[in-house]
Structure formats: C-alpha cells, structure tokens
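Asks: For this one, chain A is given, so just place chain B on it according to the hints.
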Amino acid sequence: SAVISQKPSRDICQRGTSLTIQCQVDSQVTMMFWYRQQPGQSLTLIATANQGSEATYESGFVIDKFPISRPNLTFSTLTVSNMSPEDSSIYLCSGGGRALYNEQFFGPGTRLTVL
Amino acid sequence: GENVGLHLPTLSVQEGDNSIINCAYSNSASDYFIWYKQESGKGPQFIIDIRSNMDKRQGQRVTVLLNKTVKHLSLQIAATQPGDSAVYFCAENIVGNTPLVFGKGTRLSVIA
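Line by line, the protein sequences are chains A and B.
So for the first sequence, the working numbering puts the first residue at 1; every next one is plus one.
So for the second sequence, the working numbering puts the first residue at 116; every next one is plus one.
Keep in mind the hints are simulated off the structure, nothing from the lab.
Hints should not be assumed to be uniformly reliable.
[To be verified] Taking lysine to aspartate or glutamate pairs in the DMTMM-like style, the calculated list, with each CA pair at most 20 Å apart, reads: (1) A:K7 / A:D26; (2) B:K183 / B:D146; (3) B:K171 / A:E103; (4) A:K7 / A:D87; (5) B:K219 / A:E58; (6) A:K65 / A:E86; (7) B:K186 / B:D164; (8) B:K219 / B:D164; (9) B:K183 / B:D170; (10) B:K157 / A:D26; (11) B:K157 / A:D87; (12) B:K157 / A:D11; (13) A:K65 / A:D87; (14) B:K157 / A:E103; (15) B:K183 / B:D164; (16) A:K65 / A:D11; (17) B:K157 / B:D199; (18) A:K65 / A:E54.
Pulled out of the complex, with its shape left as it was, chain A reads as follows (with noise of 0.2 Å):
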C-alpha cells in the first residue's frame, strides 16, 4: 500500500484568491488523480495528473480553474482558482499502479472553505 499525505488539511479562504494543495506519496506511484467530495456526497474525479505532461481532466473540470502539476512520480499539487463559494468542499488526493488490478489509496483530504 501507499501512504499519502495532503497540505493543508484544511483552510478558509477569500472569493477570488487561489489555494495550492499538495499531495505527496511515501512510493512512487504511476497514477495519480485529484477528487473532489461535496459534504456527505461520492466523490468526483477533476483529473488525472500525469508526470511530466498535462493533467487530464474530467468533463466539467478545466485547467483554467484547477491547474495541476506533478513533476515527479510521488508528488502533484491541484490548485483551485480563482475561488467561490461553490468550490468550498473536500479535494482528496489518490494514487496507484497501473498494474493488472489497480488499487487506489487516498489521503485524509483537504476541507476548503469559500468564503
């Protein structure tokens, strides 16, 4: 298994600043995706972060909006733009193999707050 970590665990910020998280892996890891779980719902995948190239991402999600880096195989950072209200929930951060069977580990989760 993997063990993955999130900064920060939590914050409350402004309408129209931007947040920066970070994800980083005790392994390397070949996949990596960023997800987003509004309180008491599923969650939602925004992307797929790709070493070295361009994130992919899920219909309804832009890059405008969440800019994704991951220059290595054990670290990525989502950001989220220019925010709103709309974007107050929890972004969590997963990664795994692409081996035949692809299990998945996520971390605690980052709680944004929009104010």
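Replies: Showing chain B alone in chain A's frame:
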C-alpha cells in the same frame, strides 16, 4: 458516463449483528471492484477488492460478493462493531483503464 449506484443510502445495525451493504453497477465492462470505508474527516480507506473472475472474496470480518449476471456487488461485515460506523463506497473500473468510478455511498450506523 455510467455510474455505480447503491440500493440503501443508510443502514443501522445492532452491535454484533452482521451488516450487508449493497451496490449495483451499470458498466458491464467493469472488471475490478473495490470497497472503501470513509470515517468522518478522513479519506477513503481501502477495505477489500475483487476481480471479475471471482464471485467471492474474504478478508478479516469482511466478505465481498460479486454477481456479474445482475451486476451486483455486496459487502458483508461480520459481528459489526461500533468502529465499523462509517460511509462505505463501492468503486469500479476497467483494468488498465483507471480511474475508479464511485458509487453514492451507504452510511452504516452501529447501535450499541
């Protein structure tokens, strides 16, 4: 895209009883399934997985059953304990074609 759904959004069980959490999936091409447990304020925790070439897999106090004919997945927890109280998610994908698609979640409450 297709979604993984659940029959029961909430489930309350007596401590010591067995729990059964159900999940219906719609993508017949999915061949790998995972159950996650998410406690309040934490990220999802991997519980158990099952591949499509299996019907049943057992872990410590947990069993996952897969019925591909009706596209149904279940998680059985034996002798449910207060520490089992959490939200449980099923997730699916196609091997080699990540990422996972998550179901809506079932909240399990254990009554002492």
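Asks: The structure should be examined with respect to each hint, and the outcome stated for every one.
Replies: Each hint, compared with the structure:
| no. | hint | result |
| --- | --- | --- |
| 1 | A:K7 / A:D26 | 14 Å, holds |
| 2 | B:K183 / B:D146 | 9 Å, holds |
| 3 | B:K171 / A:E103 | 18 Å, holds |
| 4 | A:K7 / A:D87 | 17 Å, holds |
| 5 | B:K219 / A:E58 | 18 Å, holds |
| 6 | A:K65 / A:E86 | 13 Å, holds |
| 7 | B:K186 / B:D164 | 15 Å, holds |
| 8 | B:K219 / B:D164 | 17 Å, holds |
| 9 | B:K183 / B:D170 | 8 Å, holds |
| 10 | B:K157 / A:D26 | 18 Å, holds |
| 11 | B:K157 / A:D87 | 19 Å, holds |
| 12 | B:K157 / A:D11 | 15 Å, holds |
| 13 | A:K65 / A:D87 | 10 Å, holds |
| 14 | B:K157 / A:E103 | 18 Å, holds |
| 15 | B:K183 / B:D164 | 15 Å, holds |
| 16 | A:K65 / A:D11 | 18 Å, holds |
| 17 | B:K157 / B:D199 | 14 Å, holds |
| 18 | A:K65 / A:E54 | 14 Å, holds |
Checked against the numbered hints given earlier, the structure satisfies every one of them.
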